[in-house]
Structures are given as C-alpha cells and as structure tokens.
Amino acid sequence: QKEVEQNSGPLSVPEGAIASLNCTYSDRGSQSFFWYRQYSGKSPELIMFIYSNGDKEDGRFTAQLNKASQYVSLLIRDSQPSDSATYLCAVRPKLIFGTGTRLQVFP
Amino acid sequence: DAGVIQSPRHEVTEMGQEVTLRCKPISGHDYLFWYRQTMMRGLELLIYFNNNVPIDDSGMPEDRFSAKMPNASFSTLKIQPSEPRDSAVYFCASSPHSSYNEQFFGPGTRLTVL
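Each protein sequence line maps, in turn, to chains A and B.
When we follow this note's numbering, the leftmost residue of the first sequence carries the number 1, and every step to the right adds one.
When we follow this note's numbering, the leftmost residue of the second sequence carries the number 1, and every step to the right adds one.
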C-alpha cells in the first residue's frame, strides 16, 4: 500500500460545478496535510494546508480532513477551466506526496 | 523578488557522465529541499537542509547522489555516474523558518540520461 494514494484521474467536471479531489494516507502519525496544484510543465504551488479535523475554507477551495478515516479531500467550488491541473496531496512529517489527480474543467 | 532559481533548465547527458544541478533559494529562507518527479513515482523528497545543514537525506536513492549547501544562497545536487533511470524533473524548493510548511518551488531541471 502506498503511503499517500490519489486517484490519477482525469476527473472531468463542467465549468461552474464542484470538483472533489480525494487523498488517503496510511500513517496514522501524520500531522499535517497539504494540497498543491501543478500545471503541466510547471512546478507545484501550495493551495492550502490543514492540521485539524474538519473543514478549512479559502475562497473557492475547501480542505476537509478526517483523521479517523485517514483521508483528506479538496473541494473546488465554481470550477473554472483555469483550474485544470494536477492536484498533489502531501502529508507531514515525512513530506510524502501522492502521485496526483488530474482535473479537467470543460466549458 | 526573484523566486527559487535553478540551472540548467534542461540537461541531456550520456550514461556514466557526472551531472550537477544548481539551486539558489529565495533570500532569507532557512530551508532548502531537493525533489525528484517522475510519472511512475510522483514527487519524491531527496534531501533537505536547514541553515545549510543536511537534516534528512533518507530519500537519496543511492551513493551516486550527493547534495551540498556551502552557503545560504547556493546548493548543488550531483549525480555521478548518471544512469538512464535518473531521468526525471528535479525540483528545488525553499521555505522560511516562519512558514516552514509553505514551500516555494523552483522551475525545475529536466534531466535526460541517454
């Protein structure tokens, strides 16, 4: 079992819809969780991070953490074509990244 | 402000050759990270430094890989000898002490070993 797992996708959603990206992790000792966005041919950029169970909102983005079930998700509201990218989940303290989910938002 | 700078942006070399990748972190950042990204394995942390000191090199794949940070503004990742399976994009990232979790990535070096 991989330490951080993500569905590779692509996840296709229409413009204006909610995109839901999921990530599971195996280490119960994981303390903090990160979502990065990576456009094709570019470097990753941090979208948001979460430490505590529950939801954390930042603009159109909401991160959700459930430590008991060992998953973290990212919701993107009002998806735009510019959101089309690969989304990487990462967990600390070991700084392990998932292989990413490719999101496609079509007009 | 300039972001993280990496050079070269592309490197093509032949198996057995030495490869040196360079990174200049953002001024004032205390942490520097080296990552490797491939389609199969995703983004992997190779090593990271705090105040120029290597803290965790457990991700370095084997003795052919070495990294140094002689000062706060420069780091190198060296592969000697290089092999085709080392072909990947190598990213350098830095972060400030005050916001350790927010890593700023450089543009990456695409390495191809023939």
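Bear in mind the hints are in silico, worked out from the structure with no lab data behind them.
There's no promise every hint is true.
Each pair of labels, with its calculated beta carbon distance range [claimed, not checked]:
| id | chain 1 | residue 1 | chain 2 | residue 2 | range |
| --- | --- | --- | --- | --- | --- |
| 1 | B | Ser7 | A | Asp78 | 18 to 24 Å |
| 2 | B | Pro70 | A | Ser8 | 36 to 42 Å |
| 3 | A | Ser32 | B | Phe74 | 42 to 48 Å |
| 4 | A | Ser8 | B | Leu114 | 36 to 42 Å |
| 5 | B | Thr20 | A | Pro10 | 20 to 26 Å |
| 6 | B | Glu14 | A | Asp55 | 50 to 56 Å |
| 7 | B | Glu18 | A | Tyr71 | 24 to 30 Å |
| 8 | A | Ser40 | B | Val12 | 16 to 22 Å |
| 9 | B | Glu18 | A | Arg77 | 48 to 54 Å |
Even for Gly, the Cβ is constructed at its ideal location relative to N, Cα and C.
Verification of the hints:
1. B/Ser7 <-> A/Asp78: 18 to 24 Å: Since the Cβ atoms of B/Ser7 and A/Asp78 sit about 39 Å apart, the hinted range of 18 to 24 Å is violated.
2. B/Pro70 <-> A/Ser8: 36 to 42 Å: holds, 39 Å
3. A/Ser32 <-> B/Phe74: 42 to 48 Å: violated, 29 Å
4. A/Ser8 <-> B/Leu114: 36 to 42 Å: violated, 28 Å
5. B/Thr20 <-> A/Pro10: 20 to 26 Å: violated, 36 Å
6. B/Glu14 <-> A/Asp55: 50 to 56 Å: holds, 52 Å
7. B/Glu18 <-> A/Tyr71: 24 to 30 Å: violated, 43 Å
8. A/Ser40 <-> B/Val12: 16 to 22 Å: holds, 21 Å
9. B/Glu18 <-> A/Arg77: 48 to 54 Å: Check passed, 49 Å falls within 48 to 54 Å.
In this structure, the hints that do not hold are numbers 1, 3, 4, 5 and 7, in rising order.
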